[in-house]
Amino acid sequence: MKKPMMALAAVAASALFLSGCAATDTTEEATTAATQSTSTSTDTAASVSLLESVQAAGVVRCGTRDALPGFAVLDDSGEHVGFDSDFCKAIAAAVLGDATAVEMVDLETADRFTALQNGSIDVLVRNTTWTATRDGSEAATFLQPNFYDGQGMMVAANSGYSSVSQMKGAIICVSKGTTTEGNAALESSRLGLNWEVRSFDDTDLILEAFIAGQCDGWSSDVSQLTGFRSAYPEGAAALAILPEVFSKEPLAPAVLDGDTAWAQAVNWAILATIQAEEFGITSANVDQIASSTQDVSILRFLGQEIESSDGSAVLDPSLGLPTDFAYQVVKQVGNYGEIFARHLAPLGLERGVNALWTDGGILYAPPYR
Amino acid sequence: MGSLSSTSSRVPLWRDVRVLRWAFQLLVLAGVFAFIFWLYNNYQVNISKSQIQTDLTFLDNPASFTIPGNDFDQSQPVRDALVQGFLNTLRVAFVGILLATLLGTLVGIARLSGNFLLRAVATAYVEVVRNLPLLLLLTFMNLAVVLQTFPRIEDAWLPLDLFVISNRGLALPWFEGSGYVLLGVVVVALLAMWLTVKIRNAQADKNGKPAYGLRIGVLIAVVIIASGWLLLGFNWTLPFVEGRGTVGGLRLDPSFFALLVALVVYTSSHIAEIVRGSILAVPKGQGEAADAIALSSGQKMRLIILPQAFRVAMPALGNQYLNLIKNSSLGATISYFELTQVAQITVGNGSPAVPAFTLTLLVYLAISLVTSLVVNYFNRKLALVER
Amino acid sequence: MIVWLKRNMFRSVGDSIISVVVAALAGWVVWQLLQFVFITGRWEIIQVNLKLLLVGRFPEELMWMLGTSILALSFWIGAVASSSKRDPDKKTSLIKTGFGLLSRFGLIIALGAIIIALAGTLDAVLLGIGTVAAIALGRLVGLARRRIAVLAKIPWLIWQILLVALPLVMIVQTLLVSDLSEWGGFLINVYIAILSIALAFPLGVFLALGRRSSLPIVRLVCTSYIELVRGAPLFVLLLLAGVALEFFIPSEIAPGAIFRAVTVFTMFTAAYLAEIIRGGLQSISKGQTEAGKALGLSTVKIIFLITLPQALRNVIPAQIGQFISLFKDTTLAGAALSMLELLKIGEAITKQDDYLGQGLVYESLGFVALLFWVGSYVMSRESQRLERKLGVGIR
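Residue numbers (our numbering), protein chains in the order written: chain A, 1 to 369; chain B, 1001 to 1387; chain C, 2001 to 2395.
Honestly, the hints are just simulated from the structure, not real lab data. C-beta: ideal position from N, C-alpha, C; glycine also. Hints may contain errors.
Output of the computed footprint for chain C on chain B, the stretches with three or more beta carbons under 8 Å from beta carbons of chain C [as the list claims (entries may be wrong)]:
id	region
1	1028-1040
2	1132-1139
3	1161-1169
4	1268-1280
5	1329-1337
6	1350-1359
BS3-like, lysine-lysine: derived pairs with alpha carbons at most 27 Å apart [to be verified]:
id	chain 1	residue 1	chain 2	residue 2
7	B	K1381	B	K1198
8	C	K2389	C	K2096
9	B	K1206	B	K1300
10	C	K2006	B	K1300
11	B	K1381	B	K1206
12	A	K168	A	K248
13	B	K1198	B	K1209
14	B	K1284	C	K2389
15	B	K1284	C	K2006
A short, non-exhaustive set of chain C residues, derived as facing chain B with CB atoms under 8 Å [as the list claims (entries may be wrong)]:
id	residue
16	L2240
17	E2246
18	D2329
19	A2369
Extracted from the complex, chain A is given alone in its bound form (with noise of 0.2 Å):
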């Protein structure tokens, strides 16, 4: 009597797992698929770059997050927007000519650098410092920083505090498995401030016990913390940032070591809108600087043909991108200044070094040709 019953259950179960597989894996299944088609021997997929699997894949899987004021949170509609996002999109943009052909995978903090090594994102762009260990031990390459950053701390404003010298004996909050929890302690013992330094393990957790009185002192990248004091309940007037930043934090997307294609094409993607806003090329006006310059250099950054004596060219560095990468960045993404006045400025950030060296700031691409 019972017994039939439990064959049926176990079938039962095991075509729902079977369809569960099945529909979990349909992403990845034209990932694996391509890797497969393009690797030559066996068990070759170390050596085919991931350039060329995402291409075949046609789409980035950028590892984010969803929850950072101005850098990446979700809208309404359950879309990624930010400053991170949009680096994102503008890698898609490069690679594959299409902004939105990215999956954005949130991580923890803490899982990051696994995610990048067991290769479940294919590029990281989450509010990363890049530091010599990470690029060691993490087996992380790091690419041109899209935003210098240093660690601050955050009060509320009634505190008394001014000065991170006078927060003796005090508690500090940070995340799980960042680099703050370092920089605050040793900040603490330099100054002999023997803080309490908890941490805890997302940002979410940090603002309610900041809320309920458990934190003094709330210690992260400047920007972050500018982004939260932004969308703080009580109102950013509420909390003081104090003026001491302890510690060089450049925010870096980073890919796997040994991958040099694909670290190179991120590499160029994130560089062209540097460059693009050196250049006063905006998402408004490429289509009209595209066919009315005559800046020969302009004109190789779009991947537009130059005329020369022996017929037209279109430069093609052999980066594996396509020709005309740049300015499809610039099209549907924006330039660097773009991107960071969607997002970052509203929150109130200043360029500060994040300006271009023309306008004394240390963002500085290399030439396009």
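Fit chains B and C to the known structure of chain A by using the hints.
Same frame as chain A, now just chains B and C:
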């Protein structure tokens, strides 16, 4: 027939039970090895692709983080951080097991009380708590109780001026000076008490007079602690609020408090059911015999029922203790710095994930093993000696 | 009444003190709870996020498939429940039956009513009515088989397959059409729990048999697996699976969070099920095996036809208990693998811009607790009922 009888002395190989048994086992073994090899092979292939570290050298790297409520320095190696995490796990597990056993026993007895109200409340407690996920209780303790209900440190609750309760933790009155001295005195006192009970009971067995072993034992213990207090001069210190923190007393981290309460409440509901079942398993005659020799209901419970009930309950209790220890890993979700949290942090700071988490698992396995050995020891000690 | 009070609450001075204190305490808690539920609680956060809590980001346009699946399942449950054997001599009055059903399923009905009230849409009301109607219809179909001779001729197994076909097709269809990564909320807790227990069951049976096998190597392998898994905390296993599962499987498979969670829950539950089933096997007397041998059955046949069915039947309540704890443990997938299951969403909605910092944790976690509690409590009650029905421990 004749041809058969000549071969019947030698069963063919494929029908010999002994051969078949070994063949089957070898097949299983080969299958298991093949599976493990398959896993290992995948691991090697995948690891070589992603070029990440697989050995334990990360244990010697500087940890570069600090641990709240601990003078652990950020320049100390990862190894030391994991040890501190391990100690914190033991701390919460030890206190948790004691309190959960106490509360669970009380609730279990209350579930069988003759008092209708008490029984109803105990039943409601067990049925509500047992059917909720532990993580939910823990999240509730952390977000709703500690963060939202406890006051800020500026307006901390000061019950009787003995405690300081705020969302930055609890502070209790505690002894001043070295905890080890206190611990030593308490251990000596307990030892003396245990010896007294043992000796008095042995005498009572001989001459048949009432022993009063426990009462005399407690008296002796109190005398020892009191004289230790006078001679060595350890004092109470009361906690008070200073600035944005507390000074004096024993400070309990808010996450420790939340984790402890969640573990104790959850485990006690399971222990209560075990205790109830074990009390019911004690033969009715035992209780009736106790009534017949006019023991009070308290004496009946303490001297007759509970000792026998715990004999039945011991294996199940041991399982609950193991569960509590393993469940303490959930402390990581509310940032209590126990082993799992430390492992997670060090992975986030650049230690390789697979070796670090595998090491963590092994440590839990070791704790489980030791605990079950201890439980088994007591189980044997308590077991009825059958002659 | 007074006699009852005296006998049950005020037998002695100590008893009276306890009664008064407990009454005051319980009264206070109940009063606070009532006040919270009906007056101070701000339930609009649940109303607004109801869909998120129940099904996560499940696509709106496919919701009808979920609804249909629920209806088909209800029909099936109705049909199967009515086809179970009943004592024909026992005539129970309609009121008594109704009361019995209410005490068994009143909580579920109340929970359904609360959810419909919170949703406040016509669709929800229709689904509620539809579910009741589907159960009734299923019951009618089940009764019809007993009354109508043509239907009764259909073999039992085929009849069962016919009944289960509709819900199964609906569920599989839903799985195929929707993207599983968009499933969330309570739906994903239930899905993971059911899938994991179904996969863990055969594994658990083989582990249990292996542990009791007379073959030393088989026994060693099974025992070490069971003890290793039981000594490890589920949370750390999930964390490990979150970062390391892909290292141990071919790189062609890209595991999502659900795959990881189901793998770990299956491995974990199988070890515990194995111990439960082993207990069941131990409770079967040796005579059963010997009788099987006397009939000349092979060892395999003895196990699968004689001892195992009895053993499994004896430990059905314990297996349900294991399912309940698995059901509760699915919350860990949220914490360890960032899966958007019910508890995780319950936490997250209090941080939405509209509700941040307003102290609505009580409301959101309260709702989450209600769903888990009703689910677990009803299941454990049913398992106790089954235990009595099976007479385990009495015979």
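Hint check results:
no., hint, result
1, 1028-1040, "holds (count 4)"
2, 1132-1139, "holds (count 6)"
3, 1161-1169, "violated (count 0)"
4, 1268-1280, "violated (count 0)"
5, 1329-1337, "holds (count 4)"
6, 1350-1359, "holds (count 4)"
7, B:K1381 / B:K1198, "16 Å, holds"
8, C:K2389 / C:K2096, "18 Å, holds"
9, B:K1206 / B:K1300, "23 Å, holds"
10, C:K2006 / B:K1300, "23 Å, holds"
11, B:K1381 / B:K1206, "23 Å, holds"
12, A:K168 / A:K248, "23 Å, holds"
13, B:K1198 / B:K1209, "15 Å, holds"
14, B:K1284 / C:K2389, "25 Å, holds"
15, B:K1284 / C:K2006, "25 Å, holds"
16, L2240, "4 Å, holds"
17, E2246, "7 Å, holds"
18, D2329, "7 Å, holds"
19, A2369, "6 Å, holds"
Consistency note: the structure conflicts with the earlier hints numbered 3, 4.
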